[in-house]
Amino acid sequence: MISVKNLVKKYDDFIAVQDLSFEVYENEIFGLLGPNGAGKTTTLEIIETLREKTSGEIIVDGLSVDKHPNAIKQLIGVQLQAAGYYPNLNLIELIELFAGLYGAKIKPMDMLEKVNLQDKAKAKYKALSGGQKQRFSIATTLINQPKIIFLDEPTTGLDPQARRNLWDLIIEIRNAGTTVVITTHYMDEAEQLCDRVAFVERGRIIAVDTPDNLIDQLINSGFERKKEVKKANLEDVFISMTGKEWRE
Amino acid sequence: MNDRNSGSALAGERPKAYSNTTATLALAKASFRSIMRSPSAVVFTLAFPLIFILVFGFLGGGGTRIDVGITPGSDINNPVISMLGKTGMIRLVKDKSKAEFDKLLEKGNVDAMVDIHKKVNTSAYSVNVVYTSASRDKGGILKSVLNNLFYDKTLKPTVAEIKERTVTGREYKTIDFILPGQLGFSLLSTGVFGTAFVFLSLRQTLVIKRFFATPVKRSSIVIGEGIARIGFALIGALFIILIGHFFFGFTLVHGVVTVINMLLLATMGIIVFMGFGFIISGIAKSESMVPPISNIVTLPQFLLSGTFFSIEAFPTWLQPISRALPLTYLNDAMRKVAFEGMGLWDVKFQIMILLIWGIVIYAVAVKVFKWE
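In the order they appear, the protein sequences are chains A and B.
Residue 117 in the numbering used here sits at position 117 of the first sequence; the count goes up by one each step and never skips.
So the numbering used here is basically just the index in the second sequence, starting at one, shifted up by 248.
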């Protein structure tokens with residue numbers, strides 16, 4: 001679905017991405033993992049045609065980012081890290097705006113229903129909670145019925161309930177036939193959500209595989225956790241005590 | 249989400265069907281809604297100019313009170329004067345010297361003068377009326393009031409003749425001067441502040457970046473935003489003109505045609521002023537930098553472009569600066585069109601200056617404007 005070969009991005013004084021290659025398969029949830037400043041966002045934005053690359057080759061659904069940036073924009077949905085929305089408009093009006101920008105004929109309310117925000121139709125984006133904001137952002141990525149959606153740290157700053165709620169939404173979207181590319185700092189999230197992950201470190205890919213395989217490889221190399229692994233973790237305790245129900 | 253597959257199947261055709269016009273209009277609609285809900289836009293475009301118009305409108309003697317001066321030496325105890333007093337519209341001004349009255353008449357502070365004398369050897373009176381061109385409309389009202397009075401049965405036998413004359417006073421009413429200036433100020437602030445704030449905040453909050461992830465063209469973003477702002481400014485302008493006309497007697501020589509000409513001038517003005525806004529949004533590094541830079545652009549024009557006072561009233565060394573500013577020419581053209589009834593071709597010189605400003609500003613804007 002996406003093929004990135006030898007991608008390089010140089011800024012004036014430093015190299016953000018150096019010789020990075022990976023592939024994303026159709027209908028999978030692909031995770032780009034790595035510390036801050038590793039080049040995840042830069043890589044995503046180059047694939048999304050928002051940034052020029054220095055060199056390398058990127059093919060999205062058979063289209064080259066160099067030759068067909070507009071055709072690619074038509075078939076992808078993009079959620080940016082920390083992007084805002086047009087001021088003073090309510091959610092319905094924002095969806096209408098994006099429908100116009102994409103040239104898509106959709107019913108705004110349907111889009112809000114997909115992310116369970118129909119009750120907030122007349123609310124302003126600013127008035128939403130963190131989890132609602134992220135779900136709304138995801139709704140805007142679905143307007144043009146994309147083949148691939150890109151989510152840049154969608155769960156950062158959310159509470160455990162909102163985070164799990166968003167995982168469900170992302171899995172739902174994938175099950176409906178959309179390929180998902182996601183970045184995150186949370187390894188538990190990647191482990192539960194992603195079919196395959198790539199580790200990015202200093203602008204290079206240091207590993208690409210399924211979470212299971214990566215874990216097995218480490219164990220096979222003789223790694224052992226210092227603390228014995230229990231059958232539940234603290235988050236499980238938190239969720240079981242505070243409930244799965246999501247607070248607005 | 250069930251129709252996702254059919255949607256994907258159409259994906260190859262979608263780029264062809266993509267309409268830049270739809271995208272531009274969607275943006276214009278969104279932007280217009282946003283502007284209408286933005287308190288600062290409404291305050292700067294409508295409230296401020298209207299407050300100034302209200303203040304000056306009342307200062308300039310709005311309403312239908314007619315001030316009629318009694319010429320010193322005139323007979324005061326006669327039926328004509330008492331009938332005039334009874335109409336309720338007319339305020340008689342007495343006890344001023346001839347020289348004072350002449351000045352007041354010239355400025356239009358007194359709308360007319362009457363001088364009444366008993367004709368020698370008869371019981372009839374001779375009424376001498378002097379109108380002023382500074383206040384033609386009120387002179388007209390007085391004229392019809394007088395005519396009515398003299399056809400009044402009780403008065404008729406006592407009045408022998410009415411002599412009328414009009415003096416040439418100042419060209420027009422306060423509102424005729426103030427309103428075009430306020431209109432220009434409204435266009436200037438909407439164009440400069442509005443555009444600068446919107447593009448800076450869209451850039452900083454990554455709204456524009458998110459737009460770039462859609463197939464929309466940059467030109468659509470600028471044009472859509474422009475349409476919304478021009479539309480908003482013209483609605484504001486129309487509002488100001490109509491309030492001025494119906495409540496304060498703002499002169500529109502050719503009625504609707506004059507209004508249309510004024511709106512066309514307003515469009516040219518707002519486009520030029522938006523150029524300043526584009527430049528400021530490019531230069532400013534944060535929202536707090538927008539007001540000071542915008543004020544550098546708007547304040548001198550506000551003060552020096554004949555918004556409140558005629559440029560001729562400024563010291564000579566200041567006048568060349570006034571004559572360099574675009575608002576000066578917009579104000580000038582507006583006044584000529586509204587009060588003197590000129591067409592757009594008659595103010596081509598002013599339009600040309602605006603055009604030159606437009607070219608220069610947009611040349612700079614293209615250089616300094618930032619998308620991200």
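Read the hints as simulated data drawn from the structure, not as lab findings.
On a predicted model such as this, the values are computed, not experimentally measured, just so you know.
Heads up, some of the hints might be wrong.
Claimed, not checked - Simulated restraints, written as ranges between beta carbons of each label pair: (1) G37(A) to R466(B): 28 to 34 Å; (2) K230(A) to N268(B): 56 to 62 Å; (3) D66(A) to I531(B): 29 to 35 Å.
Said to hold, decoys possible - Mimicking DSSO-like on lysine-lysine, the simulated pairs with C-alpha atoms at most 27 Å apart in a straight line are: (4) K465(B) to K133(A); (5) K618(B) to K584(B); (6) K411(B) to K346(B); (7) K105(A) to K334(B); (8) K457(B) to K105(A); (9) K244(A) to K226(A); (10) K126(A) to K114(A); (11) K457(B) to K124(A); (12) K114(A) to K457(B); (13) K618(B) to K126(A); (14) K346(B) to K391(B); (15) K342(B) to K366(B); (16) K618(B) to K596(B); (17) K107(A) to K457(B); (18) K133(A) to K277(B); (19) K124(A) to K277(B).
We put the beta carbon where it would ideally sit given N, CA and C, even for glycine.
Tested hints:
1. G37(A) to R466(B): 28 to 34 Å: Holds - the Cβ-Cβ distance for G37(A) and R466(B), about 29 Å, lies within 28 to 34 Å.
2. K230(A) to N268(B): 56 to 62 Å: 58 Å, holds
3. D66(A) to I531(B): 29 to 35 Å: 33 Å, holds
4. K465(B) to K133(A): 26 Å, holds
5. K618(B) to K584(B): 38 Å, violated
6. K411(B) to K346(B): 19 Å, holds
7. K105(A) to K334(B): This hinted pair is violated, its Cα atoms lying about 70 Å apart.
8. K457(B) to K105(A): 22 Å, holds
9. K244(A) to K226(A): 30 Å, violated
10. K126(A) to K114(A): 20 Å, holds
11. K457(B) to K124(A): 20 Å, holds
12. K114(A) to K457(B): 24 Å, holds
13. K618(B) to K126(A): Cα-Cα ~25 Å, so holds.
14. K346(B) to K391(B): 22 Å, holds
15. K342(B) to K366(B): It holds: about 19 Å lies between the C-alpha atoms, which stays within 27 Å.
16. K618(B) to K596(B): 33 Å, violated
17. K107(A) to K457(B): 24 Å, holds
18. K133(A) to K277(B): 23 Å, holds
19. K124(A) to K277(B): Between K124(A) and K277(B) the Cα gap is close to 16 Å, so the pair holds against 27 Å.
The structure shown violates the earlier hints numbered 5, 7, 9 and 16.
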